[in-house]
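Undergrad: Single-letter residue listing:
Number of protein chains: 2
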Amino acid sequence: MSLFGGIEAGGTKFVCAVGTGPEDLRAEVRFPTTTPEECISQAIAFFREQAQREPLAALGIASFGPVDPNPKSPTFGYVTTTPKPHWAHTDFVGPISQALGVPIGFDTDVNGAALGEYRWGAAQGLDTFVYLTIGTGLGGGAMVNGKLLHGLMHPEMGHMPIPHNWDADPYAGFCPYHGDCWEGLSAGPALEGRWGVRAYNIPPEHPAWELEAHYLALGLVNIICTLSPQRIIMGGGVMDQQHLFPLIHNNVYSMLNGYIQSRQLLENMDSYIVPPGLGNQAGVLGAIALAEAALQP
Amino acid sequence: MSLFGGIEAGGTKFVCAVGTGPEDLRAEVRFPTTTPEECISQAIAFFREQAQREPLAALGIASFGPVDPNPKSPTFGYVTTTPKPHWAHTDFVGPISQALGVPIGFDTDVNGAALGEYRWGAAQGLDTFVYLTIGTGLGGGAMVNGKLLHGLMHPEMGHMPIPHNWDADPYAGFCPYHGDCWEGLSAGPALEGRWGVRAYNIPPEHPAWELEAHYLALGLVNIICTLSPQRIIMGGGVMDQQHLFPLIHNNVYSMLNGYIQSRQLLENMDSYIVPPGLGNQAGVLGAIALAEAALQP
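If you read the sequences in order, they're chains A and B.
Quick note: to get my numbering, add 375 to the position in the first sequence (first position is 1).
Quick note: to get my numbering, add 375 to the position in the second sequence (first position is 1).
Here chain A stands alone, though its shape is the one from the complex (with noise of 0.2 Å):
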């Protein structure tokens, strides 16, 4: 069986992994996420010291985003236009490429991830659906037609406009693009700057998760109408509050209002929308996967 390497790119540490798949990670590395330079040099030491105890077939790099993940552009394996400082328009990948000589998957983190809950977690056998995080962002990935969507460039589920409640809200939301879009309104950072208190310090029966759980529900509706995914996998830090599902199931279900007559709606509300599979793990064995996606034709 082929070994893979995977780098979990995220906005505030990376992840690398040597494996095969999850009952397989053979060794693991973290740091934070710095300056390309240092990053980049450290993952590839990484990999070299790996490989010689076992030759890599192919790596995978799961990244924050916005990236260029199509293998015609000039600018493939780039980060692009983040505002996140020192990493806009990064040759992620040439670098790496060239210094372990190996096969590189490049993708966005949460289209690694949907890969990774495809190959071996909640997503295992569908050809259309959806992996959300929400976290320090709110990021999408999908898988349609048994392919990752990438279209024009790649989803930016986070930065749909959604409607504002803002009677009972009047926090403006934190998006420096957009103000009160999906993630301006629902990642981490709107919990905080709307009730002054860490999300995870925030208690289950706060009204807080009841206004958190609208607003989620109401970009996973906009995405079960224009997607119609199969299901909806729900990760990162903000969904570590499991007590978030049922809310969102409840709310979804009723801003649906019986219109898709469909008994996974109507009925199975609790296995269309889940936690990830692979639960902690989906970044980084979204990578692996990624890696693996690389040797196929």
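Keep in mind the hints are simulated off the structure, nothing from the lab.
Fair warning: this is a prediction, and the values are worked out from it, not measured in the lab.
Heads up, none of these hints are tricks.
All copies of an identical chain are treated as equivalent in the list; a pair is satisfied when it fits inside any one copy or across any two copies.
Only pairs whose alpha carbons sit at most 20 Å apart, straight line, appear in this in silico EDC-like list of lysine to aspartate or glutamate:
no.: 1; residue 1: 447; residue 2: 502
no.: 2; residue 1: 522; residue 2: 502
no.: 3; residue 1: 388; residue 2: 615
no.: 4; residue 1: 388; residue 2: 412
no.: 5; residue 1: 459; residue 2: 413
no.: 6; residue 1: 447; residue 2: 466
Using the hints, position chain B against chain A.
TA: Frame of chain A; chain B shown alone:
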């Protein structure tokens, strides 16, 4: 070259035609959408007569919905839960298949139109795009990764929640399920309900159109963030008001606010959101394209 039949089954009229493509539509008949029995008999009679001259290789049906387009489902080929009188839970494909004995392609009207635009119109050469119709209702079809999007069932883009500008617009929306969803605020009946005048009687300089463009743009931005289409094609009676296009372009551009760094969105909006290449024939040619596709493996 094989000869195909196509049925564009709309909420108000049926269009049946035979041909091989846009340059070769040989015969066409139109009749009002009454009961399933009447409409299906009229369609069968037309195609039987046509097939006496030259046999049909396949037939395509592009239908108002919701429909069941899943060939593995026991209710494949049905119009399912439509509020339209007489048509709920109607087997549409079954009796036509029995009468004509040819392969039948069956999908939503908007997925059909998307396939027609891909085959002969404004989406040639793309693999991920959206086709919208804005008329008495608002519906969307999509191709992703070179195949029509079905997923759970099929998209229902008209029923997305969008921000309702209550200050400028006290009109409550006309959707019987969701009130002020995208369709409820921006399809033809919303224009008439809000302004008291049929859409085609509202002059181009009337403020109705700026508000209409604003609402349409909100849904378009949702679609761009979620599906990442390479192009969006907008047809239907409301979009016959060609002066809407530049208003929509401006609204989408300002709502995105430069976040998605794609040349199509930043510089070429007027070739990104476009009218159908097949004009008013997008519907019936979509049905012909579904017939053609039914012959392919």
